[in-house]
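If you follow the hints, you should be able to join the two separate chains into one complex; please do so.
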Amino acid sequence: MVAKEYQIIAKNYELAGRASSDIKKTLKNTNIDRNLMKRVCSASYEAEINVVIHSFGGFATFQMDETKIILNFIDDGPGIKDIELAMTEGYSTATELDHSNGFGAGMGLPNIKRIADVMDLRSDHYGTHLKIIFYLGGGFNEGQ
Amino acid sequence: MKVSDLISSDYELLTNLETLSNTFEGVYQTDLLSAAIKSAKPNQGLITLISHVNTVALAMMIDLSLIIVAEHRKVTQEMIDKANEEGICILSSHLKSYEIVIDLHKRGLI
Chain A
1 MVAKEYQIIA KNYELAGRAS SDIKKTLKNT NIDRNLMKRV CSASYEAEIN
51 VVIHSFGGFA TFQMDETKII LNFIDDGPGI KDIELAMTEG YSTATELDHS
101 NGFGAGMGLP NIKRIADVMD LRSDHYGTHL KIIFYLGGGF NEGQ
Chain B
145 MKVSDLISSD YELLTNLETL SNTFEGVYQT DLLSAAIKSA KPNQGLITLI
195 SHVNTVALAM MIDLSLIIVA EHRKVTQEMI DKANEEGICI LSSHLKSYEI
245 VIDLHKRGLI
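Keeping their order, the protein sequence lines are chains A and B.
So for the first sequence, the working numbering puts the first residue at 1; every next one is plus one.
So for the second sequence, the working numbering puts the first residue at 145; every next one is plus one.
Pulled out of the complex, with its shape left as it was, chain B reads as follows (with noise of 0.2 Å):
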């Protein structure tokens, strides 16, 4: 799946263009980030309130290619560009995390 098939008017690009053609296989949801060391799989999208750049330094770590910030939590410019330079997509959302993932689930995108 790419991240392209899941856009809509609920998020938001913050990455550059060519983060929309990264590709993922499912989600995670949580914001303890040890939880997601613990059960997140590579290529999976981090669903997440979590809005730092130890999101991004973690989704690097564990090969996530995805990051969805839920509720439109702030993210920084320097949690762009960290994200841009490893090659992760960062999308907002005003969706709450629990929303997120019904809205992927019912557009069968998980």
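One chain only, chain A, in its complex shape (with noise of 0.2 Å):
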């Protein structure tokens, strides 16, 4: 079992992907499939910038068992008020600034549960949490 957190800042897009990049190095040090590792840092990625541009600020939490991979995403809020909504491709809330650094194309929650074999969103005013799971011995996403 191994299990990390960290600590994400909100709109500082230079420390951005920094838990993702630290995910990735922890998993190149085991001997999981190629193609698992990219699908993890992929959704990894996308949930790190979500809090960084969206949120007060939050943390990431890491854990990996024999079975399968957790990956926690919590912030301080304000949530997401359309769930459906921030689900739909294209759609974004994101700033000008965002856009100036290659985000807020309306494709990181899409491109999870894309990736993911379990996503689950959960969202008030006082935050947001979203939980990825990824399964080692081949999930139901698999194909993906």
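Treat the hints with caution; some may be incorrect.
[Stated by the list, open to error] Here are the simulated BS3-like pairs of lysine-lysine, each with C-alpha atoms no more than 25 Å apart in a straight line: (1) B:K182 <-> A:K25; (2) A:K25 <-> B:K185; (3) A:K113 <-> B:K182; (4) B:K218 <-> A:K11; (5) B:K218 <-> A:K28; (6) A:K38 <-> B:K185.
These are calculated hints, taken from the structure and not from any lab test.
Please read these numbers as outputs of a predicted model, since none were measured by experiment.
Right under this line is the structure:
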């Protein structure tokens, strides 16, 4: 069992990706499938960027055991007003600054849903909790 | 294909000389980093206008070996340092993104 926790700072584009980068380094030291590693890293990066762009700040956790990898992204708000809309590809509330940094295309959450085995998104005005699970033995989404 | 095969007067190497020996197989062009996450394949080159340390972070995350920054967009030293650290090659070009794609295609590189 490996467990790690990372702080994510709002609006800090320079440090954005630091948690995902460390997760990738951790996974590189294991023997997990390369395709699965790419899926985990992609989902983690998208989720981390979301916290940087949209939240007041938060944290991420990474847990890995023999059967699965669980990523949690938890922030302090302001929350997602309409989750269904946020899950629609192309919909985004990102700013001009986010766009100039290559983000805010409205593809993050749909990307994560596509590549994760399980994605659970809960949000209210106190904050958002995104849980992403990947199964090591080949989950139902393995073909992606 | 090695990055050194691609170099011409239209491209300037910004990272260490060693990164010229990076290999790449095809390219993906976008200015949306999420689009790259969705569609770029490992070991491809990324042609983009997004010149930011995040571009390198993304390349590292999805195993891209080469970033070609189009239209001579300013590349910060921080971005270059990060790319050197990760062994990712950055080239800068005065060409527009689509012109780079055409150029690489014409020269049989993609």
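(request) Output the numbers, in ascending order, of every earlier hint that fails for this structure. (result) 5
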